[in-house]
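Start from the sequences, fold in the hints, and give me the full structure.
Protein chains: 2
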Amino acid sequence: MDERLWRVDVARREAHRAPVPESWHRLGGRGLIARILLDEVPATCDPLGPHNKLIWAPGLIVGHMVSSCDRISVGAKSPLTGGVKESNAGGTTGLQMVSLGIKALLLEGDLPAEGWSVLIVTRDGLRFESGDDLIGLGAYAAAERLRGRYGDKVALSLIGPAGEMALTAAGILNLDKDRVPSRINARGGMGAVMGVRRLKAIVVDGAGGEKPPLTDAALFKAGQKLYTQEVLAHPQSAIYRDYGTAGLAMMTYGFGALPTRGFSSGNFEGIDRISGEALRDRILARGGEGDTSHACMPGCVIRSSNCFAAVDGKMIVSPLEYETIGLVGSNLGIDDLDEIGRLNWEINDLGLDSIDTGAALGVAAQAGLMAFGDPAGAHALLDEIRRGTPLGRVLGCGAAVTGKVLGIRRVPVVKGQAMPAYDPRAIKGTGVTYATSPQGADHTCGLTIRAKVDHLDPKVQADLSRTAQINMAGYDTLGACIFGGFGFAKAPGAIRDMINGRYGWGVGEDFLQVLGFETLKLEQAFNRAAGFTPSDDRIPEWMTQEPLPPHNSVFDVSEADLDRVAGWS
Amino acid sequence: MDERLWRVDVARREAHRAPVPESWHRLGGRGLIARILLDEVPATCDPLGPHNKLIWAPGLIVGHMVSSCDRISVGAKSPLTGGVKESNAGGTTGLQMVSLGIKALLLEGDLPAEGWSVLIVTRDGLRFESGDDLIGLGAYAAAERLRGRYGDKVALSLIGPAGEMALTAAGILNLDKDRVPSRINARGGMGAVMGVRRLKAIVVDGAGGEKPPLTDAALFKAGQKLYTQEVLAHPQSAIYRDYGTAGLAMMTYGFGALPTRGFSSGNFEGIDRISGEALRDRILARGGEGDTSHACMPGCVIRSSNCFAAVDGKMIVSPLEYETIGLVGSNLGIDDLDEIGRLNWEINDLGLDSIDTGAALGVAAQAGLMAFGDPAGAHALLDEIRRGTPLGRVLGCGAAVTGKVLGIRRVPVVKGQAMPAYDPRAIKGTGVTYATSPQGADHTCGLTIRAKVDHLDPKVQADLSRTAQINMAGYDTLGACIFGGFGFAKAPGAIRDMINGRYGWGVGEDFLQVLGFETLKLEQAFNRAAGFTPSDDRIPEWMTQEPLPPHNSVFDVSEADLDRVAGWS
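Chains Z and X supply the protein sequences, listed in that same order. First residue of the first sequence: 1, per this note's numbering; consecutive thereafter. First residue of the second sequence: 1, per this note's numbering; consecutive thereafter.
Everything labelled a hint here was simulated from the structure, so no lab data went into it. Take the hints with a grain of salt, since some may be wrong.
To be verified - Not everything, but these chain X residues come out facing chain Z in the computed CB check (under 8 Å):
1) Leu48
2) Gly407
3) Asp536
4) Arg538
Don't be surprised by glycine CBs; every beta carbon is placed ideally from N, CA and C.
Structure below.
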């Protein structure tokens, strides 16, 4: 099918398909979102007002079930950061959108005054149905009802109660290959931008759709094969297959960077009970619905995801990822994986970002609203969110607002967005990424933990972060998972071949970097137009002063380095 | 006494007097605060962290009981706006500080970890005593206890429970000439900056102090006389004497700019029950402790303040000002002056800014947390603040945070600070001031309501606001009340003569503008260093779209005009 922009006006319940502007053709995913925001969204607009647009954009390689390469990007001006935002997820939404010829789907126009909608996207076009009966339902129940109504083969993007309430830590959930709404465009409040347009869900019914055409199928397949071989051969892929991202817990602990009790230490005494090894042992011992290795997207050969079941064999949550273990586990002083898993399910069901929510609860614990190490206290706070109480709304707005309201200064955020589970005082290159990424604090924008450097040395971090940020912006534009990088790094020609095989553009081996560089420039331009300055590209003051045990290090990468990485100098 | 800087480290309970740097000599009040912030406070620092400084600075003419000219400025980097902040008040603090030779008093250094202090400032120096017994007391009770302890002649600057909780709409209260803590450095959260240093009060004991020396006493007196004559002769002075600022209610109503039910209309059907005439009639009819004309500072000949008593003759609150009537009255749909007065007393006792608090309650009413027109509902919300509940903390952080948490888009703020009682869609020159003042939305930075222009015409407002902003920055640096301008406008030579008579500087008739221009430049420089851009100098998006009855006007002064006034172009 021809690639089209699908433009949707929820207030008028109108939608149409339009041609793709020339300058948007060679972008997808994160890069395309930045381009659209720059071209169509006033940078200073109210993110929860009518001038913002919420954009779904599959990456450039999406559509052929290349392993780890079918991600869906969702973006808008962020109500959490006030800047450019792209958040990508696995699952089946990207694949089905591409099969219908969707280059990008845009929600735009006035905010509806009343009534909730569901948007159904099919080969024949778009239509609206009422979503009123779904309001108040958690994400899992809403997804189940939507599957009952629209069939088991559709893809879904939906919001939970947090998105309905326009809470700025709300995300958008997509179905994984087993139809669980667990693949989340979690970061930056995209669920709130969907909520103010009173759209509970998009149903993508790819029936009758087609794989996107290949200009040179042989070339594409050759690139795909090379890449897949390298992914499979990479030792790290096996580790992720066995331990999932949870394997990172022991690594960050070793670096003294595991967020513990409100980012007050980099070591947690309960590490052995929350590590990837502990998780794997528990899953294997229990059997039942548990699975140590699970693919979030069809065709993925890494399968870093998992299904975590209780002693009775029933699923607690799928997946349980390292960042959640860090923010909801050690950061809250909780060392029981079952409890962490149950909190994770609850956060997913609310439709929230587990990173910003975990960080917010850590701030609340500092303020005495729950005790560190008390899962019941954490559940009680999540229940406040579900009930939409004032405290619940505060927490659902994320860690930055929670700190402001509760008068807590020790808040781990950049540009209003909470830090993932790598304390920047002990893995300083990732701190540079947190500080300077146009997206706000986000490990997926340039994690440096695997680099062979002294992570405590402030002098060697800037270029490391810069390179990682360019590569990640490239992968996010291609639609590739962060772990696809294990393969692409060994086989840069694979990207060239797949892109040329699909589009015939004649790009070179450096296409990843070309895309990444362009994407970052576009994002920086949007943020500058929105009013960002070098003062926004900083780690919070308290982290430059308060030493982090066990290394007793502070974040001390120079501001000159930060300004250089962020493109100010 | 020689003018000195009094530097105070609360954490170490140390203080000392230091010489005044040469470049600070010719500034006072607001201008001096901007200069000190630029010189000593990192612009990007955490406003509630150790690098911020809280500064008391009397204006340049303070000390001789010139009518309306003994105001005390308090400033810091604002935790509400993130930018430069000066908030001035009447009362006796400025006068007594000057009599002790205080050019400026700075709170600086680390934040104390525990224990509350009272700082006592006398002719002999500074000392600390415990303030622990005062914690949790409302401002009225705390002031009474402090007067009991330190005598009836001292001046006080103190915080209420809101400041103790570091709520960002908290102010600092000073005693008026009748020793009521009703003269408030209200705006921008200065009370929170005092609260994080765990300082409940400053006691200024001017015993043994002296009036500041005059270089040419005859010249000073001549200037003072000329000014006082012009103030007394101005017809507006008589109106303020009789009706207080409440006289403005009918005027803004007439212009269709009276904030009504969450800034949804410029006309309020209850105007006749909340006007200056209604207030005067009620005060006169009741007698008792009521007084239609009251001086907030010794020596004031305008006496625009008032004492508002109930039917039993007992004081409800003193004063009841127009901005409170607008924000807590019509903005909340409340048309009973007694109820407005009782809410005002409560807000004062909490130590909050009545403008930001009234605006926050208006946002809460939009969210359904109280009904418009329900004083009991408003009291219940203020009680939440007193109890420090999560909702109370949200409200006490002001309208901007309240809107963010409650998901309300229609929030009347600029730079995070709430608008006073002049809707910028109907008095657009004041809207230009709100948008472009380095202080955030603040009528005292350049009110244009008395200019003989079409207040709806977007084309004629920029220069009007600019001139008013320069003049007001000058008055705030001299220590003169906004109403002193009635006299100075007719007798610009009076400023020249008083300054030359006091300091011998040989300034010209344009000294007011010289001071104002310099002050604004310093403030703009601080804000730029803090990360402000033209995008911060804007009226909220919704006010550029939602027409305001009865004129159905939107705020439509061009961004080019705003950028010019703000010094960007």
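Numbers of unmet hints, in rising order: none
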